[in-house]
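Protein chains in written order, with our numbering: chain R, -9 to 650; chain S, 2 to 320.
Misleading hints may appear alongside valid ones.
Simulated restraints on C-beta separations [to be verified]: (1) R:D490 <-> S:L292: 54 to 64 Å; (2) R:R603 <-> S:D233: 39 to 49 Å; (3) S:G24 <-> R:F635: 25 to 35 Å; (4) R:H505 <-> S:T155: 27 to 37 Å; (5) S:S36 <-> R:R603: 41 to 51 Å; (6) S:T155 <-> R:D570: 37 to 47 Å; (7) S:A186 <-> R:Y390: 45 to 55 Å; (8) S:S36 <-> R:F635: 47 to 57 Å; (9) S:L292 <-> R:D570: 42 to 52 Å; (10) R:R603 <-> S:L292: 34 to 44 Å; (11) S:S75 <-> R:R47: 40 to 50 Å; (12) S:G287 <-> R:D570: 49 to 59 Å.
For the record, the hints were derived by calculation from the structure and aren't laboratory data.
The C-beta atom is built at its ideal place from N, Cα and C for all residues, glycine as well.
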Amino acid sequence: MKRIGVFVCHCGTNIANTVDCAKVAETAKDFPGVVFACDYKYMCAEPGQVMIQEAIREHNLDGYVVAACSPRMHEPTFRKCAERAGMNPYMVEQVNIREQCSWVHADKTKGTDKSIDITRMGVAKVAQNEPLFSTTIPVTKRALVIGAGIAGIQAAIDIADAGYPVTLLDREHSMGGKMAQVDKTFPTLDCSACILTPKMVEAAQHPNIEIVTYAEVQAVDGFVGNFDVTIRKKARYVDVDKCTGCGLCSEKCPKKVASEFEMNLGTRKAIYVPFPQAVPNKPVIDAKNCRFLVEGKCGVCKKVCPTGAVDFEQKDELIVERFGSIVVATGFEQFDISKYEEYGAGRIPDVITGLHLERLMNASGPTMGKIKRPSDGKVPEKIVFIKCVGSRDEAKGRSYCSRACCMYVAKHATLIKEKIPTSKSYIFYMDVRTAGKNYEEFYTRAQNEYDAQYVRGRVSKIFQVGDKLIVRGEDSLLGRPVEIEADLVVLAAGMDPQQDAKDLARTLGISYDQHGWFTEAHPKLRPVETHTAGIFLAGACQGPKDIPDSVAQASAAAVKAAGLLSKKELTAEAQTARCDEAYCSGCGLCVSICPYKAIELKRISERVHGGTRERQVSSVNQGLCQGCGACSVACPSSAMNLKGFSNDQILAEVDALCQR
Amino acid sequence: MREINAKLTQEMGDLARDLLASGEVKGVFGWTKGSRWYLTPPVFITKPEEADQLCYDEFAVNNLTGLLLDFRDSQDKIAIFVKGCDSRGIVRLVQDNQLKRENVLVIGVPCPGMGDKGAVTDHRQAQELPLLAKCLECRYPNPVLADRTIGGVTVTTEPSAAPSGATAEAAKGRGVGSKQADRFAQVEAIEKMSPDERSAFWQAQNEKCIRCYACRNICPACNCRECIFDSDKKNWVNKAATPTDNAFFGITRAMHVAGRCVECGECERVCPMDIPIMAMNRKLIGDLNELFGPYDAGVKPEEKPPLGAFKLDDPEEFM
Chain R
-9 MKRIGVFVCH CGTNIANTVD CAKVAETAKD FPGVVFACDY KYMCAEPGQV
41 MIQEAIREHN LDGYVVAACS PRMHEPTFRK CAERAGMNPY MVEQVNIREQ
91 CSWVHADKTK GTDKSIDITR MGVAKVAQNE PLFSTTIPVT KRALVIGAGI
141 AGIQAAIDIA DAGYPVTLLD REHSMGGKMA QVDKTFPTLD CSACILTPKM
191 VEAAQHPNIE IVTYAEVQAV DGFVGNFDVT IRKKARYVDV DKCTGCGLCS
241 EKCPKKVASE FEMNLGTRKA IYVPFPQAVP NKPVIDAKNC RFLVEGKCGV
291 CKKVCPTGAV DFEQKDELIV ERFGSIVVAT GFEQFDISKY EEYGAGRIPD
341 VITGLHLERL MNASGPTMGK IKRPSDGKVP EKIVFIKCVG SRDEAKGRSY
391 CSRACCMYVA KHATLIKEKI PTSKSYIFYM DVRTAGKNYE EFYTRAQNEY
441 DAQYVRGRVS KIFQVGDKLI VRGEDSLLGR PVEIEADLVV LAAGMDPQQD
491 AKDLARTLGI SYDQHGWFTE AHPKLRPVET HTAGIFLAGA CQGPKDIPDS
541 VAQASAAAVK AAGLLSKKEL TAEAQTARCD EAYCSGCGLC VSICPYKAIE
591 LKRISERVHG GTRERQVSSV NQGLCQGCGA CSVACPSSAM NLKGFSNDQI
641 LAEVDALCQR
Chain S
2 MREINAKLTQ EMGDLARDLL ASGEVKGVFG WTKGSRWYLT PPVFITKPEE
52 ADQLCYDEFA VNNLTGLLLD FRDSQDKIAI FVKGCDSRGI VRLVQDNQLK
102 RENVLVIGVP CPGMGDKGAV TDHRQAQELP LLAKCLECRY PNPVLADRTI
152 GGVTVTTEPS AAPSGATAEA AKGRGVGSKQ ADRFAQVEAI EKMSPDERSA
202 FWQAQNEKCI RCYACRNICP ACNCRECIFD SDKKNWVNKA ATPTDNAFFG
252 ITRAMHVAGR CVECGECERV CPMDIPIMAM NRKLIGDLNE LFGPYDAGVK
302 PEEKPPLGAF KLDDPEEFM
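Given the sequences, and given the hints that come with them, work out the whole structure.
Structure, rendered in structure tokens:
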């Protein structure tokens, strides 16, 4: 019989208010195998842990149960506590009398009874526990950063500076992401390009960083420390090694199409670099619009290229590389404003989004920085901004705040006033949220010094009369309808997750919320980690973020990634699946059901009636197994068991509950 | 009918003799005429001269596929005769990696529908017998896979295809598959009961069970190396045939074959206590179809059973 200890935690008043902790401890003394039981105000605090360690020595405990909060919170704490006292950390069970008892029961008797029950189950389980030992796995000292926007660039530079090789991957032709499209940045109003492009160059020239653009992650196998990532390098039709970036090809290309980078406000050629500061500054052929690739005629670029870099034969290329950790920095998409039919979005040319305005204001944009209406090129005098378009709107399925819009609208109003001194901006808002360093001051300045008029209320309708846009809305502070005759309407479109974010999440095996933002492991304590070990989040892929926040999070993710890479070896999960070969009939159900591809069939030979016979059994890769237990559920003959949660252990718990 | 059976028996014997004589297979599973006119039990022959023992008639109801488990780790090639329902058992065993497909020579036979010996009134006097209920409900009267066929039967994985081959006319005449639509009638009737009635119903069934394990032994989906009901690990279930333990046995057996039951109906047929075992199996089949979409176990070897595959659109969100 094992010698078991029981430690009941009050969690201050969290538990003690609705659970009689002393009674739980007193009752536990009579459970089979229990030789010591006590209660204490904070078991997780140092005195509590010391108390546990002393009890282990004094009563020669083989295992113990902590009745406290959720194991999610403190199981590692109590495991480590056992380890320090020389006990195998897996001889510890934590039962949750906080979330499962005190927080859900108003009645103290009921809460106490349930606490006693689940403590009894915990004791029964510990009696069945066996010491478990972790194995170690080697670490591939390389990181992959997916997405080369400002977050990805920052994360890559930080990891590279820590001394580890980084591959920075982007599916666009150039690094830069959304920030490259932005004109100036709040609250300091330094030009976006002036702070971004040097970073792009720094990353590109960093000896530890390899830039892979125009490429996507196709598959991810393996596990923390050893991810095998299949990268699809899309065909550029230009040999980047031969290309010198002279630009002759783009100049001569006869095909003009709307430029995505310029938000369709300008044009580009079929062979092009998206913007002048692009890194790498090598062109790509847009296969859909290239006359040669579509019709087989033209080929001008190939003829004029002085280095023979144009290669129409190029095909997509698949490469598989191994990385120790992955930072996901895939960013966001601007909300598709065509969902707001009442704002005429997509139909009325002079109703544009914030990102359109950024391009119109940008010195290297389609208008060379002159703000002109898309419809007739006139300089607008009256500009109406509408905030929260695609944010905080349950009706459009966007309950969240996009965080950056309040500030970028204040910035737009400021800049417009500077560029067109006679202009007037009206800003329809629901709330103004300026929670950032120097943000409130910036917003106040836009109002006081740049004459931005804030109108609290929602716009109900926009329509065209002549060359004016009639904006009808409500001023909810005055409590009456307002109508403004505007030249230009700018919708502060919120942030959406990338459309294919869910696909990437599945490829990586990370989770996402109902909107498609990637979910962090813990909102407060593990904000840059995912539930998949070795995969970290940076920037707006996790939720709407402005540039300072993205950069801060990117550096945090980089530290986590570099910290992981700095380890010699990683400790693998000890609570993994184990196959009892005697029972295994080799049906392979566990193989197909394993989400981590951790199970394979292997051949074993055994002696039967004096002869040798070969048969198949399952074999678990301890490095890949995450201990999810899907295999042990699928196994028809219970040959597959989860260490730490074996059938016998769970049955012991059920028995304990039934036999009270 | 007798003529057709004699012809099929002849064809069976000739084929088995050739296979054994040429050494193509080490043994043949088939049926032989039993001690009474309504009995055609299984037989395993290994010599060409034993081929005369083979017999096929409307009492060759035994699903032989479970017997192949004796050869699961063997390198010997074995031939087996299968009717439509039996053939799904082969697919099942191949899917479960219990058989190497190349080690089994599957011979499809046409099925006239099997007689219900429960209707026998005179043990000495042969008489016309009605079809077994499972044959009336049959949706796969033709083999779903076969390496060879006899009696001109066609191989098809189409559900509800008409019976083919030499016995096709007879099968149609006797109504094989005519009650397909009523497959779930008993399940629905039980589901309509109140919880108390239902509990009483199953309690009565569980009291009857003598835990002879005939249902398990004949089942081609029951292929664990060691059954937990044989295990000496007493903590799961008592070996004694008490109603509680019987209930545990019944439910466990049904859950074990969930998504893998080929609806051959043999468990219910061999039950000496007339427990409606197929009602339990059909309940699970119905539930699985509802949860995971239509699926017939043991039809397509490449298809994974719904409970044995990991899918991204799994109804369980946490997956």
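These are the hints, each one checked on the structure:
1. R:D490 <-> S:L292: 54 to 64 Å: Because 28 Å falls outside the window, the suggested range is violated.
2. R:R603 <-> S:D233: 39 to 49 Å: Hint violated: Cβ distance 24 Å, outside 39 to 49 Å.
3. S:G24 <-> R:F635: 25 to 35 Å: Violated: the Cβ-Cβ distance is about 51 Å, outside 25 to 35 Å.
4. R:H505 <-> S:T155: 27 to 37 Å: violated (54 Å)
5. S:S36 <-> R:R603: 41 to 51 Å: violated (36 Å)
6. S:T155 <-> R:D570: 37 to 47 Å: holds (44 Å)
7. S:A186 <-> R:Y390: 45 to 55 Å: holds (51 Å)
8. S:S36 <-> R:F635: 47 to 57 Å: Holds: the Cβ-Cβ distance is about 53 Å, inside 47 to 57 Å.
9. S:L292 <-> R:D570: 42 to 52 Å: violated (29 Å)
10. R:R603 <-> S:L292: 34 to 44 Å: Because 39 Å falls inside the window, the suggested range holds.
11. S:S75 <-> R:R47: 40 to 50 Å: Cβ of S75 (chain S) to Cβ of R47 (chain R): about 57 Å, so the range 40 to 50 Å is violated.
12. S:G287 <-> R:D570: 49 to 59 Å: violated (33 Å)
Hints 1, 2, 3, 4, 5, 9, 11 and 12 from the earlier list are contradicted by this structure; the remaining hints agree with it.
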